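J.: One letter stands for each residue in the lines below.
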Amino acid sequence: MPEPAAERRYEPVIGLEIHVQLSTRTKMFCGCALSFGEEPNSRTCPVCLGHPGVLPVLNAEAVHYGLMIGLALDCRIAPRSLFHRKSYFYPDQAKNYQISQYDVPLARDGRLGDVRVHRAHLEEDAAKLVHAGASGRIHSASGSAVDFNRGGTPLVEVVTEPDLRSAAEAAEWLRLLRATLKRLGVSDVNMEEGSLRCDANVSIRPVGQATLGVKAELKNMNSFRFLQRGIEAEVARQEEVVRAGGEVTPDTLHFDPRTGALTSLRSKEEAHDYRYFPEPDLVPLAPTEPMLERARAALPELPAERAERLERELELSADTARLLAYRGELGDFFEAALAANGGAAGDGAAAADAQTLASWVTVELVPRLGDREPADSPVTPAALARLAGMVSSRAVSQSAAKQVLDAMAEHGGDPEQLVAERGLALADADELGEIVDRAVASNRDAVEQVRGGNGKAIGAIVGAVMRETKGRADGGEVQRMIRERIGS
Amino acid sequence: MATPSNEVVGLTGARAAEEIRAGELSASELFDVYRRRAEADDLGAFLSVAERGPGSTDSDAPLAGVPLAIKDIFCVEGVPSTAASRILEGYRPPYTATVVERLVAAGAPMLGKTNMDEFAMGSSNENSPYGAVRNPWDRERVPGGSSGGSAAAVAAGLAPWSIGTDTGGSVRQPAALCGLVGLKPTYGSVSRYGMIAFASSFDQAGPITRDVTDAALLYRHMVGRDPCDSTSLDHPEAIALPGRERLDGVRFGVPPQLASESEGIEPGVLEVLERAIERIEDLGGSVEEVSLPHAEHGLAAYYVLAPAEASANLARYDGVRYGQRDGDGDLASLYERTRESGFGDEVKRRIMLGTYALSSGYYDAYYGRAQRVRTKIAEDFAAAFERVDLIVTPTSPSVAFRLGERTGDPLSMYMSDYCTVPMSLAGIPAISIPAGLSGGLPVGLQLAGPAFSENRLLEAARAIELAIGFEGVPVIADGRHAGEGPGA
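Chains as they are written, first to last, in my numbering: chain A, 1 to 488; chain B, 1 to 488.
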């Protein structure tokens, strides 16, 4: 007998559809420059306004970017892909059809990280509608205006297989995709500004079941956080429906991040018939070998590969490697520091190992950056490498080095000079030995407790040393010297 | 400069250009003669006439200033261009069609815009909200369509030559019914940019002229790849003015599917065809039967594919951006009322047909199947051209029919395209030349060749034209009538 629905365990099954605005110079099918908040309808021409008699001409750079994305996602590139017309009446489409790709997309059957990529295809973006009136929706608006500046912006739509199993996984994978696209330099990938837009197909099924449940489509979540919260809310809603003995129905939903509410955008009665047919105004897209070669040559090392390399070659932890690789600028900073570090070692100065340096970047530098990119901070990779090297060679204590980094993050500067100016150079062994001797002598109680097995009591002695050295001593070294003296 | 106006009007475009170059005729006078005649048009051929000629004409330009009547389907910057549809009433395009630009640049200034079936949908020019066009050979009869105005204007001596567009026969059939030459070029050899689209994979601009030389001359200045039309190609050969008088060694094929009474071809038309075939043999050409086994299904396939494309092409006429607008202030009524009042019955019929053919669940049965027929017909032609150089058929199954005779029966109207549609489906060039009279009305002979065989086609057409000696202009200023010949 099957267990009752209320007691079953369910797993979410999630697939993503991502629209990526390409950062080409001009639109997909005409010569209009892309728009960044210009006067409405100032970036338009007869073609993107859908005038009678106009014809689309495919943007070669958009194809190049599309090929780069397809290759970066490890897809098969179609030798001959087709454009179709997707018909629907709405004022955001000047022609009342969108030119998109349908049954033969530019790229298919790829993979990024642990997620299979179903397809990636080229299409044109819609115009922006502005509705007057309280609701912000067209049906109750007192008037609506169309800004065609965005209409015709090149898009690549990436569709994944339903390989994601939690909201957190979905958000994490989207971060990887975003990092990958950013690394490719093909898009601004700004979710808030809409250059990266994500829809999620969400269903649930009893754990262990192979077939997929009925899915709902969550539209247009414009941040990683909203994506995650939206999916979580939808999974919870579906579980509730099913546990109450109901059935999930296919739906398209809007997630309101303010209220956490999910509202249906269309009912089944309004289901669209897009009447796709091959676009007769365009010829099939058949990338030539030189086009493919150019796209391959343009591929940089991608975040997934970089994370793997950092983990393998430098023995960084998986989390650290991913952080450096997914935030490419951070990875660049780290690798520049690592290179400078090697140079410093060649000069006879001690160098920090890669893991230590990585931790200086990810744990210490990142919180001191605020909203800045590492390149915009006054801290140079070489300076950070030298500071880390000073710690490793015990020229300065960890805590003193942090004070130095605070100063560098504010005003830049040279670490050696800052250490000297502030008198933060680590006490040498003789001086430190004397201080430790005095601290042991004046903390007899603590010494006895440590000898009696209370290891924590050593803190009081260390504290005394640190007070006297004003943080110039290395805590670990101080502990070692105390234990040596009290014989524990 | 002493040439009297009725003699001027008797000149072909090429002759007039020669006289201008020789200084025997003034281009501006010629323009004025035609402008006055076009303004006095009582056939309904013109929708608008240029108010003045070009300021100056370069008599060294290849077309020397001989004015051109332009079908209203071509966009001309600042000039009303409506494709004879109420929905585009008042629309003045912000740009000019490539073909018009090229012809004007070659020295053929625009004389005016000619009437047509709305959006080129029709075979009689009765589907124009601006009124039917009358055939100058018999004013109670239709001039054919959809380029009926362009044909009637040339036949009546209101214009020396004109351009039309041919989707399923819209240049060839009105040329045939008005005793003129009409060339439907190889698909892709002439830019479609700026031609208001009916069925994009069929539409081609073509000349309507008094003789084959004029057709070659205009076509020479229309061809060539246009960066604004991705489906356009450079013609592999320079277009020559035909000079051939014999047809020795040229093999002609007559397909019974398009040339027999059982297929609905009028006996009078077949008689003219028979005589033309005899002339071809007299000139040294060989004539044999070739089979186009799928040609009889051409009409059915065409009337699925062309409306399907039209249903998307005409979706942009929604009252949002230009043209006529009607409605109650909400989006649905804007669409419904604008399109209800803006489109004529035949246009609505084809939009409905095409929408249905593309609907999910019907696509394969209609659109998909029609595409397969299209492929079969192209294969039939390819096989036929293995055996013969050119194919000969009647252009139209009948001579010009009476106004109103077929308006109540769309299918009998569609039959007008029976002989011309197969070539349109195959994308191959075809020319109609006047071959004689039946019941006092002109009969057209259609020659078709493989893609880009226009030179061969024009040479053969010229030789046959000379042998037949058809005297083309039915009614000129002095009231001389059809078939009487210039000396009669």
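Just so you know, these hints were derived from the structure itself, not from any lab. Where hints are given, some of them may not hold.
Unchecked claim - Computed cross-link-like contacts, SDA-like style, restricted to lysine to any residue with a CA-CA straight-line distance of at most 25 Å:
#: 1; chain 1: A; residue 1: K470; chain 2: A; residue 2: D428
#: 2; chain 1: A; residue 1: K128; chain 2: B; residue 2: D326
#: 3; chain 1: A; residue 1: K219; chain 2: A; residue 2: E11
#: 4; chain 1: B; residue 1: K376; chain 2: B; residue 2: R251
#: 5; chain 1: A; residue 1: K128; chain 2: B; residue 2: T338
#: 6; chain 1: A; residue 1: K470; chain 2: A; residue 2: G453
#: 7; chain 1: A; residue 1: K86; chain 2: B; residue 2: E289
#: 8; chain 1: A; residue 1: K86; chain 2: B; residue 2: C228
#: 9; chain 1: A; residue 1: K402; chain 2: A; residue 2: E329
#: 10; chain 1: A; residue 1: K86; chain 2: B; residue 2: T338
#: 11; chain 1: A; residue 1: K215; chain 2: A; residue 2: L292
#: 12; chain 1: B; residue 1: K376; chain 2: B; residue 2: E289
#: 13; chain 1: A; residue 1: K215; chain 2: B; residue 2: S359
#: 14; chain 1: A; residue 1: K128; chain 2: B; residue 2: A332
The model shown is predicted, which means the values in this text are computed figures rather than measured ones.
J.: Does each hint fit the structure? Answer for all of them.
T.: Okay, the hints, checked on the actual structure:
| no. | hint | in the structure |
| --- | --- | --- |
| 1 | A:K470 - A:D428 | 14 Å, holds |
| 2 | A:K128 - B:D326 | 23 Å, holds |
| 3 | A:K219 - A:E11 | 21 Å, holds |
| 4 | B:K376 - B:R251 | 23 Å, holds |
| 5 | A:K128 - B:T338 | 22 Å, holds |
| 6 | A:K470 - A:G453 | 28 Å, violated |
| 7 | A:K86 - B:E289 | 44 Å, violated |
| 8 | A:K86 - B:C228 | 22 Å, holds |
| 9 | A:K402 - A:E329 | 22 Å, holds |
| 10 | A:K86 - B:T338 | 22 Å, holds |
| 11 | A:K215 - A:L292 | 36 Å, violated |
| 12 | B:K376 - B:E289 | 19 Å, holds |
| 13 | A:K215 - B:S359 | 24 Å, holds |
| 14 | A:K128 - B:A332 | 19 Å, holds |
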